Amino acid sequence: MAVKVKLFGLLAEKAGISAFEWKHAQSLGELSEQVRKAYPNLNDAVWVHAVNQTIVHALDTPLKEGDEVAMMPPFAGG
Amino acid sequence: MSEKKAKNYLYEGPIPSEKVAQSVEAHKPKVHCGAHTIFLGSVRADELEGRTVAAIEYSAYPEMANKVIAEIREEAFARWDLACLHVHHSVGRVNVGEVGFMVMVSAGHRGPVFPALEYLVNEIKARVPIWKKEIFADGSETWVEGQGMGISPNSEQTAP
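Going down the list, the protein sequences come from chains C and S.
Take the first sequence: its position 59, counting from 1, is numbered 59 in this note's numbering, and each next residue is one higher.
Take the second sequence: its position 103, counting from 1, is numbered 181 in this note's numbering, and each next residue is one higher.
Extracted from the complex, chain C is given alone in its bound form:
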């Protein structure tokens, strides 16, 4: 089941990629762990998740086909 993953800011720079599809995770927590392993430069990085443009903290949140998951460093706008 494929979800779209988007990385922003420092994370995209560290990983060397800003968007990709991911098929291996059932939950947000699983996705997060798998991506951290797949892109070892993200090892110490801190991020917040959004699913379909809403912030989600609960790592047991299940993912659905076509969900857009964003991994975002702490915001610095305004």
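No lab work stands behind these hints, which were simulated from the structure alone.
Model, not experiment: these values are computed from the prediction.
Misleading hints may appear alongside valid ones.
Stated by the list, open to error - List of simulated lysine-lysine pairs, BS3-like, C-alpha gap at most 30 Å:
id, chain 1, residue 1, chain 2, residue 2
1, C, Lys4, S, Lys85
2, C, Lys23, S, Lys145
3, S, Lys145, C, Lys14
4, S, Lys203, S, Lys145
5, C, Lys4, C, Lys14
6, C, Lys6, S, Lys108
7, S, Lys145, C, Lys4
8, S, Lys145, S, Lys211
9, C, Lys64, S, Lys145
10, C, Lys37, S, Lys97
11, S, Lys106, C, Lys14
12, C, Lys6, C, Lys37
13, C, Lys14, S, Lys211
14, S, Lys97, S, Lys203
15, S, Lys106, S, Lys211
16, S, Lys106, C, Lys6
17, C, Lys64, S, Lys97
18, C, Lys23, C, Lys64
19, S, Lys85, S, Lys106
20, S, Lys145, C, Lys6
21, S, Lys203, C, Lys6
22, S, Lys85, S, Lys203
23, C, Lys4, S, Lys211
24, S, Lys97, S, Lys108
25, S, Lys203, C, Lys4
26, S, Lys108, S, Lys211
27, S, Lys108, S, Lys85
28, C, Lys4, C, Lys37
With chain C held as given, fit chain S onto it using these hints.
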């Protein structure tokens, strides 16, 4: 959820001074509005370890940034008796001295325009997915460490 066409609050490059003047001019016909506050965020020539900031490069998650700004506006309209609320945030490069963030609040009377402006500015800083990179005079760059984790500084709300 309503299917209104999503408004774009993001502005490519620095917000020109003319835009501030245009916003003031555009309020002339709104003859029941007697009070307006404007916040402008501009880029400072901060010094870091002997390097001076020459510009900031803003980047955003545009769909979510616009969604969250729209939500914050709705919250302000619900909380105070406001007539209008304008928000513009730059993406891309903004040089020192230039404006990268503008909020304008209008109401019939002055009571709500001060707290509403502060609310807008602080909520946007905390909740909108925008990032900035400092670009120094020597060409080097560094990401600014953000503080916003998406949680409102003003309420008890927490994400699921």
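Mind listing which of the numbered hints don't hold for this structure, in increasing order? Of the numbered hints, 6, 10, 11, 15, 16, 17 and 26 do not hold.
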